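Chemist: Below are the chains, spelled out letter by letter.
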Amino acid sequence: MRHSTADSPQTEETSRNAPQVMRPAHKTGIIGYGAYVPRYRVPGKEISRVWTGGNTPPTVAEKSVPGLDEDTVTMAIEAARNALARAGTDGAEIGAVWVGSESHPYAVKPTSTIVGEAIGASPALLAADWEFACKAGSEAMQAAIGMVGSGMIRQALAIGMDAAQGRPGDALEYTAGAGGAAFLIGPAEDALAVFEGSYSYATDTPDFWRRARARYPSHGQRFTGEPAYFHHVASAGRTLMEAAGCSAKDYRFAVFHQPNPKFPQRAAKLLGFSADQIQAGLVGPQIGNTYAGSALIGLAAVLDRAEAGDRILVVSFGSGAGSDAFQIVATERLAERRARAPLTADYIARRKEIDYGLYARYRGKLST
Amino acid sequence: MDIARHWRLRRQRYALEGEQCSHCRAYVFPPRDICPHCGEAAGPVHKMSGKGEVYSFTVIHDPPTGYQSQAPYAVALVKLAEGPLITAQLTDVDTADISIGMPVEMVTRKLRTDGEEGLIQYGYKFRPQLSTP
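In the order they appear, the protein sequences are chains G and W.
Numbered according to this note's numbering, the first sequence spans residues 1 to 368.
Numbered according to this note's numbering, the second sequence spans residues 1001 to 1133.
To be clear, the hints were calculated from the coordinates, so they are not data collected in a lab.
This one's a predicted model, so the numbers in the text were calculated from it and none came from an experiment.
A portion of the hints provided could be inaccurate.
[Stated by the list, open to error] Taking lysine-lysine and the BS3-like style, the derived pairs with C-alpha atoms no more than 27 Å apart in a straight line are:
no., chain 1, residue 1, chain 2, residue 2
1, G, K352, G, K262
2, W, K1047, W, K1079
3, G, K45, G, K249
4, W, K1047, G, K109
5, G, K365, G, K45
6, W, K1047, G, K352
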């Protein structure tokens, strides 16, 4: 990442207004990563059959559905174990476990405490739950870079995981899926991919929200497009790329938040990326929108394929609204560590189709 | 639901923490004060690998109180790779596809919930091993 040089001096005013691209005191990276997607799939055609007599074309072919015994805690634990397996460590050196989700099982009692205990990171541990719609997990990753990069702790686990609920019959029911990924952040010297920089962009934008006691979220329909997703993703992505002195051709892969197939494709175009560059990280069309897991599971899918030296741009989006952008470069350690846990594609391939009735039972939409 | 009991058992329930006897080297699960094989004082903590195979199984259609929401489900005797035989539910598998000798691995899942406002109890279940490279 290049600093402003002497031949483009900044006045005090321009540096006060210039966006702050974030680099910690010590370089950090991803020392382990892992995905998780549950086994069940409900076809989009089924949802369309029940609600519109088959008249509405589904947004995605099928979406993932958590089983009766799964929730954000159980899924986060498995992704975390995969991340630790790739890192080749146990939980003893982890100083923070942070899970970001829209579907924490408790409103008070962090998912992170249960995950931390399950992976042996307790008791010397920071544990808290993060919430910022679909960017809760990437927000945790930003903070993890800070905690590790400052030298306060040696390793931090940032997880984005969701078992998002879609209101029955609503447009979002076609895509509200389940899954996500965990990233163990540590010193760059141990990393399978290093962070070159990151940036966060957040405003008060009311595109999608859920009140505390409401069961399902509400959204502003098309308002979620231009003023929300595209404005924040493009702003965050563009700022980071400019600060890095990079254009789209300098990256091998780009991953965007993927609420549906079209939004990330359009975001890619806005920032100059080709369809090829976003292909590896685009898992939404196969499993739906995993909300706080979305951009992160896309990153996991990219790391499953990346080679040493590949530069990756990740831009998440969370309604409310904001985007986290990361610039990451794969190292030569990736190839060997990748093989230590199931690939994202392995979880996607593991599927059992269910109908709308079973889906409604599994998702707790039927009152007994 | 007994909060204190589940809290005391959390390490064994979440992570299959047992012991390896320092006298006869046998693996012990659940952890105990005395080794059930040689009768000496129990050894240091050992986290089981989670790998095992189905020794026997049955399918529960009429569950005990608190377990109805996940019925029907399979319960198995799982022979852990380290030796101990434990009882656990099987998950992520159609009951028709379960067979004796099937390789399985431990996963942490919801066991039961104490209603809409109560605590959620997590613990071990087993599922068919995912092929890992």
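Chemist: Against this structure, judge whether each hint is valid.
Modeler: Verification of the supplied hints:
1. K352(G) to K262(G): 26 Å, holds
2. K1047(W) to K1079(W): 15 Å, holds
3. K45(G) to K249(G): Violated - the C-alpha atoms of K249(G) and K45(G) are around 38 Å apart, more than 27 Å.
4. K1047(W) to K109(G): 26 Å, holds
5. K365(G) to K45(G): Holds, at about 19 Å.
6. K1047(W) to K352(G): Judged against 27 Å, a Cα distance of about 31 Å means the pair is violated.
Checked against the numbered hints listed earlier, the structure breaks hints 3 and 6; every other hint is satisfied.
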